[in-house]
Structure formats: structure tokens, C-alpha cells
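Asker: The residues making up each chain are set out below.
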Amino acid sequence: MSNFKYIIGSFADPDELMDGIDKLQANNVSIYDCFTPMPIHGIEAKLGVKPSRLPIAAFCFGLLGGTLGFSLLYYTMFYDWPMNIGGKPALPLPDFVPVTFECTILITALGMVATFFYRNHLFPGRAPRVMDLRATDDRFILAVDANDNTDHAKIETLLKEAGAVEVKYNERKYVSYE
Amino acid sequence: MGNHSHHHDYNFSEQFTFTGKARVLSLVALAVGVVAIAIGLLSSDHIIVERTYANLLLMGYYFTCVCMAGGFFLAIQYVTQSGWSSGMIRIPQAMASVLPIAALILLLITVVGLFSHNLYHHWYGEGLTDPNSPNYDALVAGKSAFLNAPGFLIRQVVFMGAYSICSWLLARYSYNEDLDGGLYSYKRSFKLSALFLVIFGFTTPIWAFDTIMSLEAHWFSTMFGWYNFAAMWVSGLCVITLIIILLKKAGYMAWINENHLHDLGKLIFGFSIFWTYVWFAQFMLIWYANIPEETVYFYKRWEPEYKPWFWINVVINFVAPVLILVNRDFVRNSRILAFVCILLLLGHWLDYYIMIMPGTVEVHRGFGWIEVGTALGFVGLFSFLVFNKLSKHALAPAKHPFLEESLHHQI
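Heads up: the protein sequence lines correspond to chains F and W, in order.
So in this note's numbering, spot 83 of the first sequence is number 83, and the numbers just go up one at a time.
So in this note's numbering, spot 331 of the second sequence is number 331, and the numbers just go up one at a time.
Worth flagging that the hints you see were computed from the coordinates, not collected in a lab.
It is possible that some hints are incorrect.
[Claimed, not checked] Some chain F residues close to chain W (C-beta under 8 Å, calculated; not the full set): (1) N3; (2) P37; (3) G42; (4) D95; (5) V97.
Each residue gets a CB set at the ideal place from its N, CA and C atoms; glycine is no exception.
Just chain F, with the same shape it has in the complex (with noise of 0.2 Å):
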């Protein structure tokens, strides 16, 4: 048999993804992952999918951004030059709010933005990876990894009897656009 390492199951109707998931997962095959042209509803909890933690990342960003608006201004309208604007107290909180807020949304939106990047794979330059070049046009793709499933066979009937299209064996893991 030949050396290839994932078999990529090829559906034209995201319905019969859904019932591919199924029979798979009825016969103990692990399904390595999933990737469709549009989102699919259920599908991150049919595949036992964790929740994004983006949240926690935001959070996170949110936090520091938070902490370097105000420290810009405590230091330069406080600390190093203290400034008499209107009469008003040296440290004006109220006015330190607006900037503090923006700052805030800046840092967590950039942060987030760069987060997802990073975790996909997605840099400017970058050539993007899939496992199946139509995965980001009308096909809707299943991997499964077949090193760790072994019955090569049944699991092409299996893809076969809930509808894909088509079965590859893919010999390396990501095909490139390049």
C-alpha cells in the first residue's frame, strides 16, 4: 500500500457532511477534521469541537490596552509635566476616560486581528494550506488521518454510502495555492 496519510472524503451537499460525521463516528473512526465553503450549524458540536478561546484573548489585549492608555497619559499629563488645563484637578479622571476607552478598543481589535492570524496560519505573503483545494469553493471536506484508522476500506464505503462525491489519499498533509 502506498505511503499516503490522510484520506480526504469530498461531499457536494453539506447534509450529507453531516450524515458522513455520523457514520464515521458510529463506526469508531476519528475524524481528524472538517472543512467547509460556508458555516454549517451544529457542526462544531456534532464534532466535539472546544469553544474558541479569542475571548480570553481579547480579554487579555483589552487589559493591556487599558493599562497603556492610562499609563500615557498619567505620565505625560501627570508625572512628567503636570498640566493646569480649565483649572481642573492634575489628575482629571473623567477626562483620562475617552482616551482609556479608545486605547482599549484599539489594542483588543489589533490584538484580535493578529491572535487569528497567528493561530490560522494567515500571514500577508503566505501561501494559504488546505487539505483539499475545493474546500474553499463548493466542496465540503473530511479528513480522516489513516495512520491512526487502519480499515482504509470500510471507511471509503462509508464516505461512498453517505453520499461524497468523491475519495482521495492524500501523501502529504496540505496541498498549496502556490
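Assemble the complex: chain F is given as a structure, and chain W must be docked to it using the hints.
Answerer: Chain W in isolation, oriented as in the chain F frame:
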């Protein structure tokens, strides 16, 4: 179609039966309110009478605002052609149907308050606009082109009449849709909603200026209208959410799940922040500019009499919802969400209290049987009217074009 089944076992024709504990409790609360208001108004002590009257204005305004938020919710859903909410719109529809009654009650309070009590005495009184009178007030005279009794009454009638007719019609169209089906009612609702939102957006700030801000006629703030809109919208959303949670707890509306409540919770969370944003924008600009004619509003609220409540207002309406509803698991937990809704409804009562009392009863404010009794009475009246309306129609708009989308809502 694989396993992605479109079958469901929901009974869309189920109707709420308004009997037993709910009916008795709302009528008891209403009776308590009527007794408290009657004792307050018939009191021989002038201060007690005025305090009762200020409370009547507070709860009349609160009641009208919550019902208006029901109509506003409907209009937003139709204009955005939203699907997620279509399974729950019978609740804002019931609130919107009650708006004409709420508006009439508020109109009665403002009319009687204007002519026979001291609600609007800052701008309505003997000789205030007459340069030869000892009571002459140059500031009020300058505003008299807008702030005069006929203008005030015409605006009250026209604005609240427009809100009432639009809200009532939006509910009416949907009840017709149950009988006729098709897209005719939906398309009419869409057009009416667009018109209603334009009227609502331009006139609610003016309506808030008239009803509440003119209690202290020397002072003005252009943020005041949006500040009141934010309070109205948050409290309206809280009432919608709370009614859904109560109905679900009683075994109704099986088609509404934690995803729908999560979205309502997110709206409450977001608009609590919006309320704070507007509240703070108003506060900071006045604090920064430090112009006496503007600072007078906050000066009064920083007297020892009001200062603790001034800060508790911000804690309840901003800090609490932000800290609790920021957590996804908490928003999706109906007990915690119900707790936040009740807290915010109490918070916005306090919010209106701080808007109204310093301008009407000033140092004679209080918190006792008048406040609790009046509030209970209006809560009883609201519950009775809204639940009674809910019991008249099916709890789901079975022929709403987006009902299927609502059933599959998932976030």
C-alpha cells in the same frame, strides 16, 4: 436530507392561559398601588401629595417607555428582516398593544400635573414670562416659544398618539397574518416600521425633553434624549427577556431556547454600555466646561441627599451587567439572566428617580410606602394588561415568513 431534519413537534397554536397565581398576584399588586396612590393623593400634607404625584409621573413614564420599547423592538425586527426573533415577537406585540393605554395614563398624569400640581412649575406659572411681573424669569421667557402649555400638550398628544397607533398596528398586522397567511401583512409591517422608526428617532428626544427634562427648565442637555432612549430600550429588553423566561418556566414556548435568550442578553449587555456611554458623555462635558447653567443639574444630585444614589445608579446599570453578562455561560443561564433583568429594571427605576425627584420634590424626597406602592401598582397594571393580551392570541406567529429561521437559530 440526511439527518439535518426539518421536523419539529412544536405546537404553534398554544395559548397562554392567564389564570391562577399570575392573575391574582397582578391584581393584588394593582390594588395595593391604587390604595397607596389614593392615600398619597388624599393626604392633608401638601408634601406627601406632591411626592405621590412625582412618583405617578415616574411610573407612568416608565410604563409608557417599556411599552414603547415593545413597539420599537417590533419595528427594528421588521426593518432588518430579522429571523432570529420571529418566534418570540408575540411578547413585544402584547407590550405594543398596551401602549395606547399606557400613553393615555401618562397623558392624564402630565395634564393634571401641569395644571394642578407643581410638576412643571419651573416653566408653567403665573407671570413667569411677563417682564412686568415679580415672578418674571428671563431664561424661561426665552424658551417660552417651545415651553408653553398648548405646545407641550399638542406635542404630548401627537407624539404619543403616533407611537401608539404605529405600535398597535404592528401587532394588529401580525394577528391578521395568523388568519390570512401570505406576505401581505409582513410587507405592510415592513413599510410601517420604516415610517415608525423615522418618527420615533426624531421625536423621542423631544418627547423626553418635554416630559422629564423640562422639570428643571433652566437646565438643558442635548444628550438627554438619547440618555432616556437608552434607559427605555434597556428596560424594555429586560421586560421582554423576563417575560420569556417566566413563560418558559411555566412550560410555554418550547421553541425558544438559550440561543434566543443569549441574543437578548447580548442586546441588554451592549445597550447597558451604551446607556453608560451617553450618561458619561453628558456628565463629562458638563464637568469639563463647568458652566453654571449646566452644572446646576449635577450640583443638585451631589447634595448629600442624592449623592449615594447617584453613584449606586452607575454601579447597578453599568458595572453589574458588564461584569455578569460578559461571561457566555452566565448569559445562557436563564436564572442568572433573569436576575440581571430584575436588577436592571430596579436600576432604571432608580435612574428615573434621580432624573425626576431633584427637580420636583427636591429635599422632600423619600423612599417608603409611596414609592413602593406606586411602583407595585404599575407593575401589577402592566402585568395584568400584557398577560391578558398574550392570552388572546397564539404564542407563536405561525405564518410569519421567518419562523423556520427562528427555530434553527444557533449562536
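Asker: Take the hints in turn and mark each one as holding or not.
Answerer: Evaluated hints:
1. N3: At 33 Å from the nearest chain W Cβ, F/N3 fails the 8 Å test, so the hint is violated.
2. P37: Violated: closest Cβ of chain W sits about 17 Å from F/P37, beyond 8 Å.
3. G42: Because about 6 Å separates F/G42 from the closest Cβ in chain W, which is inside the 8 Å limit, the hint holds.
4. D95: holds, 7 Å
5. V97: Status holds, d = 7 Å.
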